[in-house]
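Asker: Starting from the given sequences, assemble the full structure and let the hints guide the process.
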Amino acid sequence: MIHWRAIFSSVIAVPVVALLCAGAPVPAAGITPFTPVDRALRMLNAVPTATSLGAWHELLGSEPHVAGTDGDLREIARIQSAFVEMGISTTVEEFDALLPQATEALVEIVGATDIAPPVNGSRRGVIALPTVERNLAEDPATTHPGLTFGWNAYSASGDVTAGIVYANYGTKADFAKLKAMGVDCTGKVVLARYGGNFRGYKAKFAEEAGAAALIIYTDPADTGVNKGKVWPAGGWANDTCVQRGSILASDQPGDPTTPFNPSDPTAARCDTEAIGLPKIPVQPIGYAAAAEIVRRMQGEPVAADSGWKGGLPFEYRITGGDALQVRVKVVQDRKIRRSANVIGMIPGAVHPEQLIIIGCHHDAWCFGAADPLAGTIVLMECARSFAESLRAGERPARTVVFAAWGAEEFGIIGSTEWVEGHRDRLLRGAVAYVNLDMAAMGPTFGASCSPSLREAVLGATVRVAQARGAANETVYDRLSGGGRNEPQFGTLGGGSDHVAFNCHIGVASAAFGSGGSEGNSYHSNYDTIAWYRSVVGDDYAPALMVTRVTNALAAILADSSVLPLSAARHGIDGQRFLRALKERATAPEVALSIDQLIERAGRTAESGAQLDAALASAHPWIGTAAANRSQSARDACAAIDRALISLDRAWLDDAGLEGRPWFRSMLAASDKDSGYAATMLPLLAEAVDAGDVNRVRAAVVRYQAVFDRLDRGIDQARAAMQSVSGGNGPPAPLGTR
13 MIHWRAIFSS VIAVPVVALL CAGAPVPAAG ITPFTPVDRA LRMLNAVPTA TSLGAWHELL
73 GSEPHVAGTD GDLREIARIQ SAFVEMGIST TVEEFDALLP QATEALVEIV GATDIAPPVN
133 GSRRGVIALP TVERNLAEDP ATTHPGLTFG WNAYSASGDV TAGIVYANYG TKADFAKLKA
193 MGVDCTGKVV LARYGGNFRG YKAKFAEEAG AAALIIYTDP ADTGVNKGKV WPAGGWANDT
253 CVQRGSILAS DQPGDPTTPF NPSDPTAARC DTEAIGLPKI PVQPIGYAAA AEIVRRMQGE
313 PVAADSGWKG GLPFEYRITG GDALQVRVKV VQDRKIRRSA NVIGMIPGAV HPEQLIIIGC
373 HHDAWCFGAA DPLAGTIVLM ECARSFAESL RAGERPARTV VFAAWGAEEF GIIGSTEWVE
433 GHRDRLLRGA VAYVNLDMAA MGPTFGASCS PSLREAVLGA TVRVAQARGA ANETVYDRLS
493 GGGRNEPQFG TLGGGSDHVA FNCHIGVASA AFGSGGSEGN SYHSNYDTIA WYRSVVGDDY
553 APALMVTRVT NALAAILADS SVLPLSAARH GIDGQRFLRA LKERATAPEV ALSIDQLIER
613 AGRTAESGAQ LDAALASAHP WIGTAAANRS QSARDACAAI DRALISLDRA WLDDAGLEGR
673 PWFRSMLAAS DKDSGYAATM LPLLAEAVDA GDVNRVRAAV VRYQAVFDRL DRGIDQARAA
733 MQSVSGGNGP PAPLGTR
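Under the working numbering, the residues of the sequence shown are numbered 13 to 749, in order.
Don't take each hint at face value.
Here are the computed distance ranges between Cβ atoms for each label pair [said to hold, decoys possible]: (1) 714 to 273: 20 to 30 Å; (2) 706 to 319: 29 to 39 Å; (3) 276 to 528: 35 to 45 Å; (4) 220 to 727: 45 to 55 Å.
Hint data in this document are derived by calculation from the structure and do not stem from the laboratory. Don't be surprised by glycine CBs; every beta carbon is placed ideally from N, CA and C.
Answerer: Pasting the structure below:
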């Protein structure tokens, strides 16, 4: 094992980046320049360097490390060793989950008449299509013996030979269109391209349509030669690039054999035959292999304006015709295997029960230089920043947790099992979760976050220099177009380790990322450090920027006297989401019900804004009171924090979503048909989209209860604030509802 300390022996300290820029706005509620937050942050953000980020990359990207394999165990040990050597309290929390492995994959065209006589023992009329990338002399990592052919985890084993049907992206709408055209998928091999939805839903919808097997391919129109130069000449997928990935499409993330419960060695498990795993073989291929199928298809051409034509230089057709037969063979086991989460922790000096959690998964389909390591290296450098600050005597007021999650690629397993295993503690004390999956992929910063975290995230971007930017340009400057525009953040859906925090236990969450690079090596054998340094850059400037933004947000959350969680945004964004739903409503009664909720959310927004303003006004005095006065003042500050934390929990409903009870948040869920996208106000959104007036009425009642809980939390924060002032502090402009 390479020791991390040796790698960093050559790292040279660099001057502190200009973190606080003159004239920059300070949008985070309760955060003003030169607070304890900024004093802590100057120390934190003096630590990260591009050199150390590159060293982390070399260490963690040294071999393939698929979850449940020996490479995975070595990766876990590397991270554990690094955390321990940093001086961070470290635990390795193992879990046993259903982690299949593939042993055989085969795709053939059978009965082809347009090929030369067989050679070297091949069968007449059979064309074996590649399922693995070609090795590249320009990138020696591609010859590593630990790399394998492409595969889709949780595929059924099977051997199918049948005619072919093309299903575009394999979305629900695409299969509905095939049905409307009179195309029967029963018993066929379906060919679908990546994109448009989670690959597991492609398999689900193909199976529901009666398909006997599914082939998923990377189309050059989406990521390939049509985009630009391909690897190794450029960054885009070459014709043998194969996207691996899980096709688990259950009603909740995590180990499918232990829903709602941690997957420990003593866990009671569901029968694998009864948990809805795919029943058809599914195999990914590159576009060179797909081209051999597409160019031989003889059925009806797709319409030019249908959106079904990809980037291959052949006519795209719906069916293959009577003569074309394709064979798909997949062999996978379905075994319980072990992986682990590596948890580093720095206990807080004032509020150790309050947790700020920063996480990224460590497992990968191959080397994982981009996914996940473009984020994992940020996690490690953030941990090093806090560890060095701790050595210098700077301990955060609240506990900061650094989590390297296992088995995310198989179904967001490690983080989900950890949340399920620590549910009660997290419900009491988790302040926020920050996800860093693939976070540093270019100089253009972006984020998705819970409403309550928006101002704090903006406050972090104000304090960090823009990667590859102009002199004194901040990340906020770039986001806002030099202050001309309101920065836009996305909403959190599915697809990564924030899901259990955001959608199951109601913890305010953010996902950081950056882009702007030209290329894609996603889940392929080409996701190597050589690819990353060629395409994203070897200066590690994006990773340095994201590290410092993450440090800044962590400092804002960990060291503010009172948590900077916005109360108003619950109502403001609630109104915004409701207005978007109203536009989709077709029945007047539904629109009227939504109007009533919009008005109700407006009252919460007004009350929350008054609280936010009062806390911002009183923040310096509150900090002094907590630092210098009696324990009762600190207790009152903790009470304010608890009330603010409760606002995100107010969105939880024990009954959960219809058909998906694990998703307990009424604020956000992953889209039930795409898997990746966010559905905001999901209980109401799904009722509106179904056109079910009775479901809408029931949902409105439950959302009224959410806003009632939000108002009670705001009242509790108001009362706690008045308690800390004791009548001697500055007047707090709280007003009344």
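Asker: Work down the list of hints and note, for each, if the structure agrees.
Answerer: Each hint, compared with the structure:
1. 714 to 273: 20 to 30 Å: 25 Å, holds
2. 706 to 319: 29 to 39 Å: 35 Å, holds
3. 276 to 528: 35 to 45 Å: Given about 42 Å between the Cβ atoms, the range holds.
4. 220 to 727: 45 to 55 Å: Because 48 Å falls inside the window, the suggested range holds.
Hint compliance for this structure: no hint is broken.
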